[in-house]
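Sequences listed follow chains A and B, in order.
Residue 323 in my numbering is what sits at position 327 of the first sequence, and the numbering runs on without skipping anything.
With positions in the second sequence counted from 1, the corresponding number in my numbering is that position plus 41.
Simulated from the structure, these hints should not be mistaken for lab results.
Hints are supplied without guarantee of correctness; some may be wrong.
[Stated by the list, open to error] With a straight-line Cα cutoff of 27 Å, these simulated DSSO-like cross-link-like pairs (lysine-lysine) come out:
id	chain 1	residue 1	chain 2	residue 2
1	B	221	A	315
2	A	232	B	221
3	A	28	A	-1
4	B	44	B	254
5	B	254	B	336
6	A	28	B	301
7	A	97	A	150
8	A	93	B	150
9	B	52	B	336
10	A	65	A	28
11	A	93	B	89
12	B	89	A	97
13	A	232	B	89
14	B	89	A	315
15	A	355	B	301
16	A	104	A	93
17	A	97	B	254
18	B	301	A	232
19	A	65	A	157
20	A	185	A	149
21	A	355	B	221
22	B	301	B	221
23	A	125	A	212
24	A	-1	A	355
25	A	169	A	97
26	A	232	A	93
27	A	355	A	4
28	A	97	B	336
[As the list claims (entries may be wrong)] Just a few of them, taken from the derived set where beta-carbon distance is under 8 Å, the chain B residues facing chain A:
id	residue
29	81
30	141
31	186
32	190
33	199
34	236
35	244
36	287
37	288
38	301
39	303
Every residue, glycine too, gets a C-beta built ideally from N, C-alpha and C.
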Amino acid sequence: MRKKNFAKLAVIIVAIIGVFCYYISPLAHSIKQGLDLQGGTHVVLEAVDTPEAPVNEDAVQRVVKIIEKRVNELGLTEPIIQRQGERRIIVELPGVKDPEKAIEILGKTAMLEFQDDSGATVMTGQDLKDAKAQIDQSNQNLVALEFSDEGGKKFADLTAKNVGKNIAILLDKQILTNPNVKEAITGGKAVITGSRTIEEAQRLAILLRSGSLPVKVDVIETRTVGPTLGQDSKDKSEFAFAVGIGAVIIFMLVFYHLSGFIANIALMAYVLMTLVALKMLDATLTLPGIAGIILSIGMAVDANVLIFERFKEEYRLGKTLRAAMDAGFSRAFATIIDSHLTTIITATVLFFLGTGTVKGFAITLGLGIVISLITAFAFTQYLLKLLISSNIFKDGRVYGASGVKTNEKI
Amino acid sequence: MKKFDIIGRRKWWYIISILILIPGIISIATQGFNLGIDFTGGTLMDLKFARPVTVIEVRDVLKEYQLDHSTIQLASNDESATAAENVLIRTADLSDETRRAVLAEIGNKLGNYDVLRTERVGAVMGSELALQAIWAMLISWVLIIVYVSWRFEFKFAISAVLALVHDTVIVIGVFSILQKEIDATFIAAILTIIGYSINDTIVIFDRIRENLKLHHRKGGDLVELANTSIWQTMTRSIYTVLTVLFTTAALYFFGGESTKNFSFALLIGITCGAYSSIFTASPLWITFRNYADNKRVAEKLKTAK
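Bound conformation, chain A alone (with noise of 0.2 Å):
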């Protein structure tokens, strides 16, 4: 029995050593990166009353299923589009090469417009099929347009009334281009000519495909960060992470010995835990909430350090080993709780309070709390229990239980 408790206890030690060894690189890098480590932009765009076009529901909606268009017209992996209260919306853009364009895009009303000579708006963007970035034989950039059925007829009727004249495209009030007809196009179809670059031609196609915002849209926030920065982040976290919990295992051994050792098993055991139920809550990794997993390092080891200031008070009174040990378990329960909920309480304030990466840091550290208080009450004392009724470790003092015993009874 005694020797079949230590074999337990000693595979579950190799296990999990094992495990966090050689898991939890591969297991952090598995989670979802925030823009602050990967890199990219996040942009916050509010829709905004004007006198033409006052806000509503209907309005919002279809301004997030354009910008979604517009979203992944620029080819990104995982961009996040998401609806923030009634006239806000976050967009997450990971990894984008060109953030400066990419904002310009979104923020776009895009409005396009065809007016004859008199300046009369004859056609607008919902007239168009399809439009597409081009470079003609001459090494023109242009966007090629093809009408709707409709706006092929309306444009053939605006050229051959405007025959000689000048007719003009504009985008949101600008001339893209105002060209001499010099004949009536049938075919439903026309270029705009006039774009610098080809990446130009691209975004205004991009525009012209996604169609015009039906309410002015501004730009309210955008933080961008660069790969450079990101990747720097990464691995000065990760170095902070490793001497954080390099230096909390010391001393835990230091202060508490065998008990100490059995404590940063269950440390390792709560860090896996941490990213796994992060990673199975697909919450994504921000830089504060590595801050908070890290700090959460130093809080974890409290509910041990509860538990074993106990044990020893317990078993200085006379206590045998087993009956310290659970009466440190038993005691430190109820102040643990009450301490944790406490500390729970103001994550959950700064979970619904917070936005972005405080919510990112608020996420962890609760988690962190609650797997705390699993990995001490389920796993070390679990643990401790397996060694000390495999009787191979007598003397209080090898538990950290230094000091005078008043009477010897193991």
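Given the coordinates of chain A, work out where chain B should sit on it, guided by the hints.
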């Protein structure tokens, strides 16, 4: 073995706390805070140039856009350096077009650079965040008072929260004195400090509560009881603050620029939290308790007459 009497010297601890609080409060009242663009709204550009540039060079470029009053910071390990590759520019809220133009002009004048980070926060967003921060703090204090009143008693709750206010004011005071930038993560830091400090206080209160149950039978002295409780939990208090400080220090020294202010706030706050649990919260509880007792005795005397 006679332990050092902490509660008996409570007037001293109150005086020490007040002396620490005063400079911070004066600084908050006179020079206020160095609020980041998260709160004020504005534009931030964090650039890494191919060659070291000076503040004057950058300011000259900004002058063309009437932005020469912007904050320009060199990020360099050498504090006295006059030129650095990494430069942080904080301006008023620029439109995206203006920012693009400024960035292009900087490239023309000062050579190639890599954009590490750009941020733009509208003024509305900023004031919303500040309001949220204040709400978060107040709500957490109220919830803690409710919870501790329910689990313990109101006098414990009010003592604990006063200790939290003490920690919070010290940390924001230090940030005001040093004029360190306050951004969104600072709110997270303050709430973490509140979480840690209350956790620490509850552990001691829990011990007082446990000893109180025995106390009624023995009829001992409350001051002695509080002292005993503090000393019984002292090793735990010290060990826990040490492990948390280890991890926070690791974050501060090795965690990179973005989390430096955040972990700095935590370093101060957690030290304060550990101090206030022992030297502020428990003595306050005795003070409130005595006050209530005296009042009761006085009333009894009155009715006796």
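Grab the minimum C-beta distance from residue 236 (chain B) to chain A and call the hint holds if it beats 8 Å, violated otherwise. Holds, because the Cβ-Cβ distance from residue 236 (chain B) to chain A comes to roughly 4 Å (cut-off 8 Å).
Going straight from one Cα to the other, do residue 301 (chain B) and residue 221 (chain B) come out at no more than 27 Å? Status holds; Cα separation ~11 Å.
Pair hint outcome, residue 52 (chain B) versus residue 336 (chain B) [Cα-Cα no greater than 27 Å]: Within the cut-off at roughly 20 Å; holds.
Holds or violated: residue 125 (chain A) to residue 212 (chain A), with C-alpha atoms at most 27 Å apart: Answer holds: residue 125 (chain A) to residue 212 (chain A) is near 23 Å, not above 27 Å.
Residue 355 (chain A) paired with residue 221 (chain B) [C-alpha distance capped at 27 Å]: holds, 23 Å
Is residue 169 (chain A) within 27 Å of residue 97 (chain A), Cα to Cα? OK: residue 169 (chain A) and residue 97 (chain A) at ~20 Å, within 27 Å.
Within 27 Å, alpha carbon to alpha carbon, are residue 104 (chain A) and residue 93 (chain A)? Roughly 19 Å between the alpha carbons, so the hint for residue 104 (chain A) and residue 93 (chain A) holds.
Could you grab the alpha-carbon distance between residue 89 (chain B) and residue 97 (chain A) and see if it respects the 27 Å cut-off? holds, 20 Å
Checking hints one by one. Is residue 244 (chain B) an interface residue toward chain A, by the C-beta closer than 8 Å rule? Hint on residue 244 (chain B): holds, closest Cβ of chain A at ~5 Å, below 8 Å.
Is residue 28 (chain A) within 27 Å of residue -1 (chain A), Cα to Cα? Violated - the C-alpha atoms of residue -1 (chain A) and residue 28 (chain A) are around 43 Å apart, more than 27 Å.
Does the alpha-carbon distance linking residue 232 (chain A) and residue 89 (chain B) stay inside the 27 Å limit? holds, 18 Å
Is the Cα-Cα distance between residue 301 (chain B) and residue 232 (chain A) 27 Å or less? holds, 11 Å
Checked against the numbered hints above, the structure violates hints 1, 3, 7, 14, 17, 19, 24, 27, 28, 29, 31, 32, 33, 38; every other hint is satisfied.
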